[in-house]
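Listed here are the chains, written in short residue letters.
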Amino acid sequence: GAGVSQSPRYKVAKRGQDVALRCDPISGHVSLFWYQQALGQGPEFLTYFQNEAQLDKSGLPSDRFFAERPEGSVSTLKIQRTQQEDSAVYLCASSLAGRVIRGYTFGSGTRLTVV
Amino acid sequence: RKEVEQDPGPFNVPEGATVAFNCTYSNSASQSFFWYRQDCRKEPKLLMSVYSSGNEDGRFTAQLNRASQYISLLIRDSKLSDSATYLCVVNWNAGGTSYGKLTFGQGTILTVHP
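So the protein lines, in turn, are chains A and B. Just so we're aligned: 92 in the numbering used here is position 92 of the first sequence, and the numbers increase by one with no gaps anywhere. Just so we're aligned: 34 in the numbering used here is position 34 of the second sequence, and the numbers increase by one with no gaps anywhere.
The shape of chain B in the complex, shown without the other chains:
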């Protein structure tokens, strides 16, 4: 079983739609959570961190459920420019290490069409 699992999609939605992505992680000791965005043939870029209380950044809302080991990303009012792969990312300090080794999900492909 993968440590971070995502539905690879693809999700095809019209402009203006609301779309949600889910992600589960296996390590209950996970400490930090992120969503990264990756455009085709580009490097991953941090979209937002995910906090236990849930957090919002404009049209994007991230939620974390530690009990269920589940993370979500909601995109409202989708734009054409939101088309990308969304990577669920988890960090835990394995073996007492003090650095952050990020573990990525496979990514969910989103295509927003006119």
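If we strip away everything but chain A, and leave its shape as in the complex, we get:
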């Protein structure tokens, strides 16, 4: 597609429920990033993929968070046993190459609300 596509756009989960967030990067983009943006804050790095390899997961806040990109294109961010503090917008971004030259393109995000 023309841009980074994320689904669902909105997700309401009951505390303790598992959720899966999907990201479709721009076709051919090697690098894929997940960010978490809490209300009133800037996005914070969660994890990075280069093709199918997860090279950095240092930003994942707990072992309840898991991300994968098995075929080097679509990625899924899974959150197990959701907690209220997981409520945030989850942004996916992709870029053609690893190095940041012109920034990268974000998807519209998934707004997760845990009740």
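If you are wondering where the hints come from, they were derived from the structure by calculation, not from laboratory data. Being a predicted model, the structure only gives us computed values, none of them experimental. Beta carbons: idealized from backbone N, C-alpha and C, even for Gly. Any given hint might turn out to be false.
Once the Cα atoms are required to be at most 30 Å apart in a straight line, the calculated DSSO-like pairs of lysine-lysine come out as [said to hold, decoys possible]:
#1 Lys2(B) - Lys78(A)
#2 Lys78(A) - Lys45(B)
#3 Lys14(A) - Lys78(A)
#4 Lys57(A) - Lys14(A)
#5 Lys2(B) - Lys42(B)
#6 Lys79(B) - Lys57(A)
#7 Lys11(A) - Lys45(B)
#8 Lys42(B) - Lys11(A)
#9 Lys57(A) - Lys11(A)
Computed from the model, here is a short list of chain A residues facing chain B with C-beta under 7 Å [claimed, not checked]:
#10 Tyr10
#11 Ser27
#12 Gly42
#13 Pro43
#14 Gly103
Far from chain A, some chain B residues (derived; all Cβ distances over 10 Å) [to be verified]:
#15 Asp7
#16 Val19
#17 Ser49
Chain B: place on chain A using the hints.
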């Protein structure tokens, strides 16, 4: 201390005003610098890269001072459509990695009123 710090504002200015935002970063190994713009309930979008020599894009001017680890954005002749959150963004290749992990500031809220 946050790695990238910005004054969250809000800045409320009339149309036609000139407004400046500042940002400081803590990692002296930072390599790339950007300003992103984020509209309410939208994703961040790249506004402009910031170069050491300073650069201009229409009404927008960005400056970088590596010695002081300071970045600025100047908006001249503000328009209503400039109302948004402006995010200061820094990249460094941590731990010898070759990819760009962007670090965002909190964002500065700008409201331009008639």
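Evaluated hints:
Pair hint lysine 2(B) plus lysine 78(A) holds up; C-alpha atoms about 27 Å apart against a cutoff of 30 Å. In summary, the hint linking lysine 78(A) to lysine 45(B) is supported, as the alpha carbons are separated by about 25 Å, within the 30 Å threshold. Distance restraint check for lysine 14(A) and lysine 78(A): the Cα-Cα separation of roughly 15 Å lies within the 30 Å cut-off, and the hinted pair is therefore satisfied. At roughly 26 Å between alpha-carbon atoms, lysine 57(A) and lysine 14(A) fall within 30 Å of each other, so this suggested pair holds.
Our distance criterion of 30 Å between C-alpha atoms is met by lysine 2(B) and lysine 42(B), whose separation comes to about 24 Å. Restraint check: the Cα-Cα separation between lysine 79(B) and lysine 57(A) comes to about 40 Å, which exceeds 30 Å; the hinted pair is violated. A hinted pair counts as satisfied when its Cα atoms are at most 30 Å apart, and lysine 11(A) with lysine 45(B) qualifies at roughly 23 Å. Pair hint lysine 42(B) plus lysine 11(A) holds up; C-alpha atoms about 16 Å apart against a cutoff of 30 Å.
This hinted pair checks out: lysine 57(A) and lysine 11(A) have alpha carbons roughly 23 Å apart, not beyond 30 Å. Interface hint at tyrosine 10(A): violated, since its Cβ lies 11 Å from the closest Cβ of chain B, which is beyond the 7 Å cut-off. The criterion of a C-beta within 7 Å of any C-beta in chain B is not met by serine 27(A), whose closest approach is roughly 18 Å, and the hint is violated. Below 7 Å, beta-carbon pairs count as interface contacts, and glycine 42(A) has one with chain B at about 3 Å; its hint therefore holds.
Checking proline 43(A) against chain B: minimum C-beta separation of about 5 Å stays under 7 Å; hint holds. Of the supplied interface hints, the one on glycine 103(A) holds, with its beta-carbon coming within about 4 Å of a beta-carbon of chain B, less than 7 Å. Residue placement check: aspartate 7(B) keeps its beta carbon more than 10 Å from all beta carbons of chain A (closest about 13 Å). With a least CB separation of 19 Å from chain A, valine 19(B) remains clear of the 10 Å interface cut-off, as annotated.
Against chain A, the non-interface label of serine 49(B) is violated: not every CB pair exceeds 10 Å, the least being about 7 Å.
Hints 6, 10, 11 and 17 from the list above are not met by this structure, while the remaining hints are.
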